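**Q** Here are the chains, one letter per residue:
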Amino acid sequence: MNRRSLLKHIALGALVAGTTLTACKSEPPPPPPAPAAPAKPAPLKVGFVYVGPVGDAGWTYAHDLGRKALEAKFGDKVQTTFVEKVPEGPDAERVIRDLVTQGNKVIFATSFGYGDAMAKVAKDFPDVYFEHATGFKTAPNLRVYEGKFWEDAYLAGVLAGKMTKSNVLGFVATFPIPEVLRNINAYTLGAQSVNPKVKTKVVWVSSWFDPPKETEAAQSLMNQGADVLLQNTDSTAVLQAAEKNGKYAFGWDSDMSAFAPKAHLASCALNWGVYYVKAIEDVMNKTWKVENTKWGIKEGMNDFVKVADFVPEDVKKKVAETKAGIVDGSIQVFKGPLLDNTGKVLLKKGEVADDAWRSQVNFYVKGVEGKVPSGK
Amino acid sequence: MNELALLVAAMLSAGTPLAIAGLGLLVNERAGVLNLGAEGMMLMSAVAGFAAAYHTGSDWVAFAAGAAVGAAAAAAFGWLVIWLNTNQYATGLALSLFGGGFSAFVGVSYVGRKLVERSHYSVPLLRDLPFLGTAFFEQHPMVYIAIALAGAMAWFLYRTRAGLVLRSIGESPDSAHALGYPVRRIRLAAVMFGGALCGISGAYLSTVYAPLWVEGMTAGRGWIALALTVFATWRPARVMLGAYLFGGVTMLQLHLQGLGVQIANQFMSMLPYVATIVVLVIISRNPLWIRLNMPASLGKPFFPGA
Amino acid sequence: MIQLEVRPTPSRLMSVLSPVIALAFTVAVAAVLFAALGKDPVQGLRVFLVEPLRGARGLTELGLKATPLILCSLGLVLCYRSNVWNIGAEGQYLLGAITGGGLALWVTVAEVPMAPWAFFPLLVLAGALGGAAWAALVAFLRDRFTANEILVSLMLVYVANLLLSWLVFGPWKDPNGFNFPQTASFAAATEVPRLVRGMRLNWGFGVALAAAAATWVFLFRTYRGMQLQIGGSARAAARYAGFSSRWALWTSLLVSGGLAGVAGACEAAGPMGQLTPYVSNGYGFTAIIVAFVGRLHPLGCVLSSVLLSMFLIGGELAQSRVGLPAALSGVFQGVLLLSLLACDTLIQHRLRWAASR
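Protein chains in written order, with the numbering used here: chain H, 2 to 377; chain U, 26 to 331; chain X, 22 to 378.
Extracted from the complex, chain H is given alone in its bound form (with noise of 0.2 Å):
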């Protein structure tokens, strides 16, 4: 190639060194120097970082209904902005970063995989809050915070023992990581404590938001015999493929109640809310501090919601006297005597599962088909 593409070339190069020169004569104007008069105080700017678009009905959409929660609540002494669909990998961090130069004092990263990109970033901005939705590391200035989705879980599987006919209840899962697995087992051990005739089976799809592909493992499932649906997709496709077919599923992350007026049984619903209000409280009463929040039912972080108006009553009863048991502490879903699916003994009799166990989850109990993925 000769002077034809190296011209060609230049034009491209002296518009992009153009851009840049602008870029860079044209700083920020200095900021306006403070008023004289006592001025109402500046709004605190929270921002969040979302793994998923805000519209699908699911995990993403349930973090922003806690966003709005938190306008609600504060008015305008918070300022809330939020980045969607933030891949987790070295773009969180840029997200991340960008959001705390904008004069952003809080920020919530609402998916475990921004764990590393909120350490580095909280590294460098130690008068920044940073707050971790299912992580696991911590900093001074980084705590973590996470819902007892196994409660709603194992109230979908009271609920679900009791509505099968064929005592196969499916479970569309995302990744075997503990979350999910726990969610797996509590269904099935909560099936288990009002039929002990029940039995679990699973299939992955390898994704947390697929609709067509949720459609179509539900669809297996169901051709295998389940009647009930439970899945930890962030979307509503499980729910209506069970409408589409007679059977029975539930809302998951979000009310899904609107979707499947025939199959939903119930929703297990998440309501960050709560705590994102408790989090901005602590940083404006100065009493925050680093700590690892598991919220359940009791707390309000998530509940067990709209169960359907066509459950028998018994059955209804049952639910809210579990969920009762749940909050006061008389019931505990993870407790010994527990064996696993090939019968090694996971708690003893007498044992309650404390948090470190529950973080170990890589197993499935007794009643649930086949093996955890793990590649060994």
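These aren't lab readings, by the way, just hints derived from the structure by calculation. Nothing here was measured: the structure is a model prediction, and the numbers come from that model. Yeah, the Cβ is synthetic: ideal placement off N, Cα and C, and Gly gets one too. Any given hint could turn out to be false.
[Claimed, not checked] Chain U stretches covered by chain X per the calculated footprint, using a threshold of three residues with CB under 8 Å from any CB of chain X: (1) 109-119; (2) 123-129; (3) 246-260; (4) 288-299.
[Unchecked claim] Covered by chain X, according to a simulated footprint, are these stretches of chain H (three or more residues, beta-carbon under 8 Å): (5) 85-98; (6) 101-115; (7) 171-178; (8) 257-271.
Chain H is fixed; fit chains U and X onto it per the hints.
**A** Frame of chain H, contents of chains U and X only:
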């Protein structure tokens, strides 16, 4: 036994979008134009179809909307490659990428929306047959339309004059041009028809198969449909066969998981893609076979009067 | 009726103007879209085109984002010039991340003492081998079975993704990572050394620029490079002259795979510092656009990588600063490429009015 019937039914349903898109691409390629933008067209039609179904409540309006969008996108593509003679591969890829971004953008307000309750379709009487009833006769009409389409296409290509002209344009556009046929217009018509079918396939995905919109929901089906045309050596009946096989492998993999088969689920998920490669290799193995069956001018630009 | 008439010689003016017109058209479309969404078009454009270039951090982040794009697109340039339609750069990138990341993981777990400057060449080599091996599959299937490389390379992308997923969920999972899908964090010695203190720009960028220079030399100053191009554009002539298109096939795919693999390895051992399922952002596919916008020319690839990185970073900023939806950068990329392809015809053809026949 019932499980097997249900699996067959699921296979038919899963294969239908691939079949319809594959048939459309077949017409495209028979005319000598390779449209790599299938994925983008399917995505744009999926969002158009979903929006149409959401606002009107009718499946058929959704299919029409999908077909219209697909044809429009294909027309733009056709204008670029047929009249402006841009590189077919690059333009097709650009269309795919653009379609992905554009559909995501337009679809933002439709994520998480629900469509009106769909009717449950089945063929009366026949659906009560044991096994066959469950396997074949409880499907959405589009499944049967797809099969009929394959038949109609075979008849068109091999038994009508118009089909002969189309095929000859695919083999040797210069000769067809010399004989006085408006090569470019016929190619455009073929491309638009292909686009319309890809559009119907996309709309089927978002309104019938998984009645939801989410960006990227075709998950590579457009590319698989392209592979299908090669697998089928450009014959309609074989496109159907390939589509159902592929749909079958996908559903089978999920079924095996539910049965507790001990292979890591990622390897199971790889099955459809590996199967496509294997089949492609088997079909392509004999270059003479490919040359005999592939439209000779596929992918090459045509210059009338050049 | 407007007709396209072949020019006697390709227009030099148009080949300079074509990308400029395409970019201008894209910017116009962007402004219209912003206005239609109820946002200030000027502010929107500023966020996309100006903000990403602000300050040292802005420029280094731009370079960091452009590095994998440059590397992948260079390989694609070689392929497309040889008429080998490799769409699977993404899969080759992932394999490079796997092999490079795997090496880093081994060094970390086995606690092999190593200096960063010594590890880096090994990392590059491992990444290149991984990516090249994956591309070799494509080359082999095309060479031996005439299997269409477009479809094979694309299917292998899905396979590569699932392979990575299996590795980080299974054998390579961090035993101290609470069962989450990630490897252990790589030892500090394995991290790709940085170029600017405090910023994330690293030696990968240097490798990318060096690769661009090497590709340019190869394509335009060596005999083999010329063979490659002729083998691609004029098969019969090439055969007559004794140039092997088989050689072009293997070389272009292996080099392309190797470059993409290096990109993957540098990303895994650089800004990520571990292997997770999220090591790629579709760089392999964006690189296709980059290659075309860069006119299949190494220098052009560097410039268009920067341009597309601006679109990508600008898209993120547009969300938090202006409230625009995330899907916009995809739209702009597509519009840019399509308008570029359209404008390119004006290089070889000119428009003229003619009486209808």
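**Q** Decide, hint by hint, whether the structure agrees.
**A** Hints, one by one, checked against the model:
Three residues within the 8 Å Cβ limit are the bar, and the region 109-119 of chain U against chain X gives 9, so the coverage statement holds. With 6 residues having a Cβ less than 8 Å from any Cβ of chain X, the region 123-129 of chain U passes the three-residue criterion, so the hint holds. Evaluation of the coverage hint for the region 246-260 of chain U: fulfilled, as 4 residues show C-beta separations to chain X shorter than 8 Å, against a requirement of three. Taking a C-beta to C-beta cut-off of 8 Å, the region 288-299 of chain U contributes 7 residues in contact with chain X, enough for the three needed, and the coverage statement holds.
Remark: the region 85-98 of chain H is confirmed as covered by chain X, as 12 of its residues place a Cβ nearer than 8 Å to a Cβ of that chain, reaching the required three. Counting residues of the region 101-115 of chain H whose CB falls under 8 Å from any CB of chain X gives 3; the rule of at least 3 is met. Counting residues of the region 171-178 of chain H whose C-beta lies closer than 8 Å to any C-beta of chain X gives 3; at least three are required, and the coverage claim holds. Restraint check on the region 257-271 of chain H versus chain X: 0 residues with Cβ-Cβ distances below 8 Å, three needed, restraint violated.
Violated hints amount to a single one, hint 8; each of the other numbered hints is respected by the structure.
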